[in-house]
Amino acid sequence: MSAICIENVSKSYGGKVKAVRDVTFSVEEGEVFGLVGPDGAGKSTLFNILTTLLLPDSGNIKMLGMDVIDDYKAVRQIIGYLPGTFSLYPDLSVQENLDFFAVMYKSSIAENMSIIEPIWKQISPFKDRKAGKLSGGMKQKLALCCALIHCPKVLFLDEPTTGVDPVSRKEFWDILKSIRKHGITVVVSTPYMDEATRCDRIAMIQEGKIIGINTPATFIENFKGKLYTFKSEDIFSLLNAMESCPLDCNYYPYGEHCHIAFYDDIATALPQFEKFLSDNNLQHDEIRAIAPSVEDCFIEIVQRDFSH
Amino acid sequence: MYSIEANQLTKQFGEFTAVDHICFQVREGEIFGFLGANGAGKTTAIKMMSGLLLPTSGTATIAGYDILTQSKLIKKSIGYMSQKFSLYGDLTVFENMQLFGTIYGIPRRELKDRIMASLRELDMDKQANTLVDSIPLGWKQKLAFATAILHRPKIVFLDEPTSGVDPIVRREFWKLIYQAASKGVTILVTTHYMDEAEYCNRISIMAEGQIKLIGTPEELKQQMGVDTINDVFVKFVKR
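Chains as they are written, first to last, in the numbering used here: chain V, 347 to 654; chain X, 11 to 249.
Please keep in mind that the hints were generated in silico from the structure rather than gathered at the bench.
The beta-carbon is built from N, C-alpha and C at its ideal position, and this holds for glycine as well.
Please note that the accuracy of each hint is not assured.
Claimed, not checked - Derived pair list, reagent style DSBU-like, types lysine-lysine, alpha-carbon separation capped at 35 Å:
#	chain 1	residue 1	chain 2	residue 2
1	V	Lys479	V	Lys408
2	V	Lys476	X	Lys164
3	X	Lys164	X	Lys57
4	V	Lys467	X	Lys94
5	V	Lys479	X	Lys94
6	V	Lys479	V	Lys467
7	X	Lys245	V	Lys523
8	V	Lys523	X	Lys164
Said to hold, decoys possible - If we take Cβ atoms under 10 Å as the criterion, some of the chain V residues that face chain X in the derived model are:
#	residue
9	Gly361
10	Val363
11	Gln441
12	Thr507
13	Ile581
14	Leu585
15	Ala587
16	Tyr598
17	Gly601
18	His603
19	Val648
My request is simple: use the sequences and hints to build the entire structure.
Pasting the structure below:
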């Protein structure tokens, strides 16, 4: 059975801003499902609708068989929600915050310690500290404990790693991996494309629309261009020169490398491109074929308008 | 001449040392990546370098001016853009630039032309009379950058300018950074996207208030024996 079934959900604000446009997808039970897209794409609006905090203009949502609008009280008992902004009580201590959420959900810390233990171990040394005085990473870990303390069936995490450094981000994803062992369905949003590969399936969202939905591996398999990479000392000159490149291709810097996806017959495109580089005196090292990343896929879908 | 020269720059908040005797130089026109984990002291250091916060000890010269005694001159010579969107949503694109341009004392007769030239470069001249609230985030960030360099500062401080921005617009934003740098503007930028660290001429990595590593991306990768800046960062923080 699907944990969440979303059908034709739309939401606009003041009739003007269409935050979510006719979104349909489902999330399977026990799955880690990623909602990947930039700020303003509609991720938080969708999260607020799924967590019963906002009514959609139209569409249906079932959460483990229950209607998110009609059965909202029952739905609230089975979900955990980590919002995009810090929403715990800054004047309560770490321990007090956790106690508060446990009591509100008529649960107890002892009852669900097995779920939160790996996280709680990391923050319990600070249990008497006020939540407002914790570092960013610690706040997120406490918020996650509070969202899990009633052992929810579905956990929603709205951009838990935004603005977090790469090491803390990796730690957070390791924690998510441990949570799924308890059979909890996880829906997580992120603007970081590299994190998408840690999800079972991802939906790419842009301007309120789902532009692609698949496993990370299938996205990569479905990449339509022929992707090549090379290094150049002068990325800026290359960027400028590429504006006059006659080939049907997508070119963009990618870390220390340059990526180029060709959409013409590769046997002729590649030598033509090499000639273009040398005609423009653009030095480069060997141009090698590579497998695309999820970020390459996102760029291709948006720039070539391959969304469905 | 160096655009930025920090000399034993230190800031303490009570017992806590947020920035601990940092020393580094940034050349004119250089793109300098100022990296570090959350809470490493980057924002405090940037606040001191932009004349918003006085150091506990040590000093820095920014565009040749001393942060201890010449903070007013520094504020005129720098641009600043933060991760939090800093334009006014209920003013139009043009009005926002007009407001900041006037605050920075750009002569009235020049201002309109300069704004329109800048908007044309961004391909946003048609949006001049659109309310900022109604344009997409990526455009806002590009607009905020153009606004931060409208008064032609020598140095721009960018504090996580691309946080949450989609991969295509992030690259467009970096093109603007390259463009500004090629005109001699010095850029100091913080980011949590490690691929962006590779776009910098040089980077530093801060931890516990100190600059622990500094060099070109290539040098740091060699020094740590890894292939990407992400690995440099992870290896460094983990040890």
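Against the structure, the hints come out as follows:
1. Lys479/V x Lys408/V: 39 Å, violated
2. Lys476/V x Lys164/X: 42 Å, violated
3. Lys164/X x Lys57/X: With a Cα-Cα distance of about 17 Å, the restraint between Lys164/X and Lys57/X holds, given a limit of 35 Å.
4. Lys467/V x Lys94/X: 33 Å, holds
5. Lys479/V x Lys94/X: Within the cut-off at roughly 21 Å; holds.
6. Lys479/V x Lys467/V: Measuring from Cα to Cα gives roughly 18 Å; hence the hint holds.
7. Lys245/X x Lys523/V: Holds, at about 22 Å.
8. Lys523/V x Lys164/X: 47 Å, violated
9. Gly361: 13 Å, violated
10. Val363: Holds, because the Cβ-Cβ distance from Val363/V to chain X comes to roughly 8 Å (cut-off 10 Å).
11. Gln441: Interface hint status for Gln441/V: violated (22 Å vs cutoff 10 Å).
12. Thr507: Because about 9 Å separates Thr507/V from the closest Cβ in chain X, which is inside the 10 Å limit, the hint holds.
13. Ile581: 7 Å, holds
14. Leu585: Hint on Leu585/V: holds, closest Cβ of chain X at ~6 Å, below 10 Å.
15. Ala587: Since the shortest Cβ distance to chain X is 13 Å, the answer is violated.
16. Tyr598: Nearest chain X Cβ about 5 Å off; hint holds.
17. Gly601: 4 Å, holds
18. His603: 8 Å, holds
19. Val648: 6 Å, holds
Checked against the numbered hints above, the structure breaks hints 1, 2, 8, 9, 11 and 15 and satisfies the rest.
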